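J.: Chain by chain, the residues:
Protein chains: 4
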Amino acid sequence: MSILSPDQLAALEGQGIELPSWAFGNSGTRFKVFQTAGTPRDPFEKISDAAQVNKYTALAPSVALHIPWDVVDDFAALRKHAEDLGVELGTINSNTFQDDDYKFGALTHEDAAVRRKAIDHHLRCIDVMDETGSRDLKIWLAEGSNYPGQADLRGRQDRLHDSLQEIYARIGDHQRLVLEYKFFEPAFYHTDVPDWGTSYVQVAALGEKAMVCLDTGHHAPGTNIEFIVMQLLRLGRLGSFDFNSRFYADDDLIVGSADPFQLFRILAEVIRGGGLNNPDVAFMLDQCHNVESKIQGQMRSVLNVQEMTARALLIDKDALTAAQKSGDVLVAHEVYMDAFSTDVRPALAEWRESRGLPANPLAAFRASGYEQQVAEERVGGVQASWGA
Amino acid sequence: MSILSPDQLAALEGQGIELPSWAFGNSGTRFKVFQTAGTPRDPFEKISDAAQVNKYTALAPSVALHIPWDVVDDFAALRKHAEDLGVELGTINSNTFQDDDYKFGALTHEDAAVRRKAIDHHLRCIDVMDETGSRDLKIWLAEGSNYPGQADLRGRQDRLHDSLQEIYARIGDHQRLVLEYKFFEPAFYHTDVPDWGTSYVQVAALGEKAMVCLDTGHHAPGTNIEFIVMQLLRLGRLGSFDFNSRFYADDDLIVGSADPFQLFRILAEVIRGGGLNNPDVAFMLDQCHNVESKIQGQMRSVLNVQEMTARALLIDKDALTAAQKSGDVLVAHEVYMDAFSTDVRPALAEWRESRGLPANPLAAFRASGYEQQVAEERVGGVQASWGA
Amino acid sequence: MSILSPDQLAALEGQGIELPSWAFGNSGTRFKVFQTAGTPRDPFEKISDAAQVNKYTALAPSVALHIPWDVVDDFAALRKHAEDLGVELGTINSNTFQDDDYKFGALTHEDAAVRRKAIDHHLRCIDVMDETGSRDLKIWLAEGSNYPGQADLRGRQDRLHDSLQEIYARIGDHQRLVLEYKFFEPAFYHTDVPDWGTSYVQVAALGEKAMVCLDTGHHAPGTNIEFIVMQLLRLGRLGSFDFNSRFYADDDLIVGSADPFQLFRILAEVIRGGGLNNPDVAFMLDQCHNVESKIQGQMRSVLNVQEMTARALLIDKDALTAAQKSGDVLVAHEVYMDAFSTDVRPALAEWRESRGLPANPLAAFRASGYEQQVAEERVGGVQASWGA
Amino acid sequence: MSILSPDQLAALEGQGIELPSWAFGNSGTRFKVFQTAGTPRDPFEKISDAAQVNKYTALAPSVALHIPWDVVDDFAALRKHAEDLGVELGTINSNTFQDDDYKFGALTHEDAAVRRKAIDHHLRCIDVMDETGSRDLKIWLAEGSNYPGQADLRGRQDRLHDSLQEIYARIGDHQRLVLEYKFFEPAFYHTDVPDWGTSYVQVAALGEKAMVCLDTGHHAPGTNIEFIVMQLLRLGRLGSFDFNSRFYADDDLIVGSADPFQLFRILAEVIRGGGLNNPDVAFMLDQCHNVESKIQGQMRSVLNVQEMTARALLIDKDALTAAQKSGDVLVAHEVYMDAFSTDVRPALAEWRESRGLPANPLAAFRASGYEQQVAEERVGGVQASWGA
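Protein chains in written order, with our numbering: chain A, 12 to 399; chain B, 12 to 399; chain C, 12 to 399; chain D, 12 to 399.
Simulated from the structure, these hints should not be mistaken for lab results. Everything numeric in this text was worked out from a predicted model, so none of it was measured. Among these hints, one or two may not hold up.
All copies of an identical chain are treated as equivalent in the list; a pair is satisfied when it fits inside any one copy or across any two copies.
[As the list claims (entries may be wrong)] PhoX-like, lysine-lysine: derived pairs with alpha carbons at most 20 angstroms apart:
#1 128 x 114
#2 114 x 220
#3 66 x 91
#4 128 x 336
#5 128 x 43
#6 220 x 91
#7 336 x 114
#8 66 x 43
Please take these sequences and the hints and turn them into a complete structure.
T.: This is the structure we're talking about:
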């Protein structure tokens, strides 16, 4: 008998984690971007790789696109390609950080012409969403400044509001605008959306279809992220997660690899607040695989999220509540840790097999020869990357 | 001719920084609270010491009280004592962290009886405000938890709202409720109001008379505090500052001593956002003088705020705006730094003398013999402290 | 069959973690020290409580003393009391932070008379060691400064060396001097031994019997502690651990409660470097139980160390080395995480029972009624605390 | 009469700050490297730009090279080019982070063949030093790992020692090996030389000609850098500074732009420890000018170092020492801050003019038309950059 109850397994069955197309291209640091044989050269190949993750895990039913990195002539064809491989096209991510015009900002720029260009880019993204059937427009802004005095913080914040309002006006009835925040990088003195508070007040000023995106790597050292999860769920504004993990800055490592207990706490708060299997709260990865296999890295990531979700589902809520109410610190902590300390891997493996999936998805994928095959086939062309 | 223009001097003339009565009592760390001869034994003596700061600087026209530390039988007498010495009684600070009942929270406690007690304490504080003529009830909450699982984050947040609502209902027409946030300490895993975002959403849910208090020492490492100043002014919710400075945690050092440039940037943003000489934005100190003279420490602090305000007033706004608009990073930064690099001390000294104040307030105070006098007079009794 | 091999169980059997006597007294923050019924009033009662931890876990065979907190008239009697309860007296901790003379330093003080007093205190501690049979003199220095300019960093470092040399000269042949480092607190601008590098160069200048103490809570945010463990073992200078855990500053929480994976990584590096069951490397706790049961808190702590040691012993070294050598990042990480993800609690419980210990030490202790008993018995007197 | 005494001016006259050739090429973040008209295409053009900084400031008499970025066929010609422009070739920086072979390390790699290649690269760098007349080989290692378990920390540290020893053996009598440390980046879990302690023990194991390089941006948040300056000077191992500034990570901003007071404190400690105008302690910049003019950015940087050195020279040492000895915290702090608060810019401008330099070097350079000229001339070719 599994340590996971039928209800818990049902909750896990509903879980889907969107993959970022860009995780399958090359990425790196300002010091070096390493190339790897077999890296996709175009969005179709990225989708193919992403579909492998879903094939072995049934955890990754959709793929987020990044515009313009993933611009194709025929989005319908890309959509069909994805559907043929059993996945869907998901969130559309805008990009206003790689054009020379955006050196000093995009939606916040002093120059109305640059703002116009950046707004138009977002409107074009909404056009793409209409073609791909995507629900969410995710906006991460690289804007900010490097030196005190360089920028007018207040003017930029006001212009940000105006620009977002214009974009929001074009968001369809069944679409959403999701605004990400980030503590720092690439700007080093200030960023225009540095924290959940700023993202919240900006989206709250737009309307009901505007939400906050929480990237787990975008906080100051020591920040209690599960508290923010709780607060955004409470406010009804947690639109999505960008999962990854970090030791120092925005390291974009495999989620769960740096601090598994933090991931457990975040998922426990998601469950507590009704965010699991709630369509309002999208789960996504946003990671870089600079030195490791990209497909395997994505696979391990979704498995980590699944594993920690399973552990969090094991929390004995009644016992926890009783201990919390009585002020028994150690028993409450113990109940919580008991769930975290439980090894759910055997139960998950067994359950996977019962659903026709490999018990060990990573081993099965490694044995499939897919990586060797694409390394041989994908010769010539230019490997996809951020193109920084 | 002064480097400070008449307009700038006029702006400085309006500046007042409230002193915390508790800065004149002993404070320390969990390792040791050092005692000093001459430390006040009661609120009257604290007010006397605070009045010295104002006497020599004309910068500290009011004194904040802490309840119950500053409870007296006759607040009218305390008020008269203050007024006789040329200062006013200011903000009333509640204290719900030193009673055994509050071990696991006060306004957020699981037990309705404890919440009742904590709410009643705040209502009593409002009574005191009526007696002292104070405008602001400042609430800093020590509540939180030390261990994951110990507390129900969400339930506590909801209860916090309910408790605040009950307190807010008693706030008078000309009074305000000001809610402080703090990253951590004394709770080590979560605090119930950890960031400006949480304080903002809590006070916004109350009404127009509820504001946020920004303590400059209550943020994660690396936080851009002037950005928060900008945002809260933009939102119309910056109620007050608790000034101090820090290298690591909430060190509560003399404001401007750890990073004078940060203080400059904060004040530049206050001026930019219309927060200077704006009655809505109260300036206060919240510091500990563990190893240095307390009166002198307070004096240096208000002088530091004045000095950095003067420097920030020197920013050539037109030149700055022009450089910002043209994207000239280095000229914009240079204009900003030119103001910071200017030594305003001689001009301030001269201006002080023109107003009948000592050019060097600290030297004048040291020469006055006040510290020696109170050290001799204040014999016996129990020195004031936090009583932790 | 246990998932832990006989060799692994043998390694665990040798594990002993010294308890700090002061963990059984009251502690808190600068805001409040809560009192608890049953708290020991003297060193004898502290030892009694500590012996409970060992009775139920067989993991805590010795108790560290803090001088002067644990000064008794007759150390031989205290030693006998401990031995009667099955534990030994361990490390002697000096205290040069609670005397008014030490406001501006002890071993580093500008005034030779104060340094003399502080050195003499340490010589007295060595006398105590001779009486208690203790091996280690552990020196944690609270000295430093709060304000730039306050102190002469260099002169203090030189005086520190001179003072330590004088103390070291009195260390017996079978004794050791162990120097702890700490990033900050109670000093807020500089501490005289802030990092492992400083502790290392100071003890290396003394001689072979001087070692470094690594307190897991005494580092800057983000510090890779297991790297330091590796380096100090490599240099032959890792004298002891002070275990605890933290989210922000030196929170002194239960070890393993904030980041269990970090504890695993530290213990994995201890094992890798030959530090397990190595008499040169003492394991100790240094924690505060501000809001939770102290005896239970200590018990949970030693069990956490044991559990993570067991997990770390499970690392498949051959597979790990092979993956590391081949540059297979994900397989190496997987091998490492497989050990961490394994639930060793059932195997440990079974093994405990086989040794005549309770499967669940905390449950057994709670059921024993000890806490209720001492709460009833220990009436009157002054509860032990740090006496800050 | 200048506020700077003849002795102080003499001390300033001796100051030289080496410029990094790579600061004149394009740099950026992983998100984008912006191109600028006029950016050098080869080492000769970089030297030309660097010479401009020295021409207007007389503060930058030498230029550091980066191998292989600055490899030329004829180093004698490059040297002559530099000397014709009034500057010298300085430190040689090795680069073992941009070759695919170095993906998992260079001097620490598991594979002896990769280590051999990396060692040989350093030997080639020493050959270059012989050609350029450079004294210092500066080694910054990008090696480390991203995931727990990925790497054998201890084995790497031992191999690092072996590799360095082989390089050190080739260091000439009048040459030095200088080892830099860095907290993180590009590796995100561990770096092989993360802190001053590791750099110190590694160079101490080599011999007298091996020194530590302190990059001001390579520490954990909150680190007291001036303490490390003090300690390394005390140990006789402070070989050089890489100056820059940061708010969050290794932002590589203009030195003095983020926290001018920190730069003041560092320079005060340099002076205190005899490091000013001491040939053993090289001053260098290591910065990125991602969004601002590179030549002007370098110019502002050396001027910032000069300005803060001048302020630090103003510290009244006798008054400071007296206050420190007497334990007068506030007076000691005041003496220290008085120097920092003094505006030395007018005195420096006057002194510059007396030496035939422009009073305002940046204004003079801007007026010179050099930037416009090179923007027009440098057409075609590939702009220099890190080539990541």
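J.: Now look at each hint and say whether the structure bears it out.
T.: The hints, checked one at a time:
1. 128 x 114: within (13 angstroms within a copy, 39 angstroms between copies)
2. 114 x 220: Classified as neither; 29 angstroms inside a copy, 41 angstroms across copies.
3. 66 x 91: So residue 66 and residue 91 pass the 20 angstroms test inside one copy only (17 angstroms; across, 63 angstroms).
4. 128 x 336: between (55 angstroms within a copy, 17 angstroms between copies)
5. 128 x 43: Classified as between: cross-chain Cα gap 18 angstroms, same-chain 31 angstroms, threshold 20 angstroms.
6. 220 x 91: Answer is neither: 28 angstroms inside a copy and 56 angstroms across each miss the 20 angstroms cutoff.
7. 336 x 114: between (53 angstroms within a copy, 13 angstroms between copies)
8. 66 x 43: neither (32 angstroms within a copy, 34 angstroms between copies)
Checked against the numbered hints given earlier, this structure breaks hints 2, 6, 8; the rest are met.
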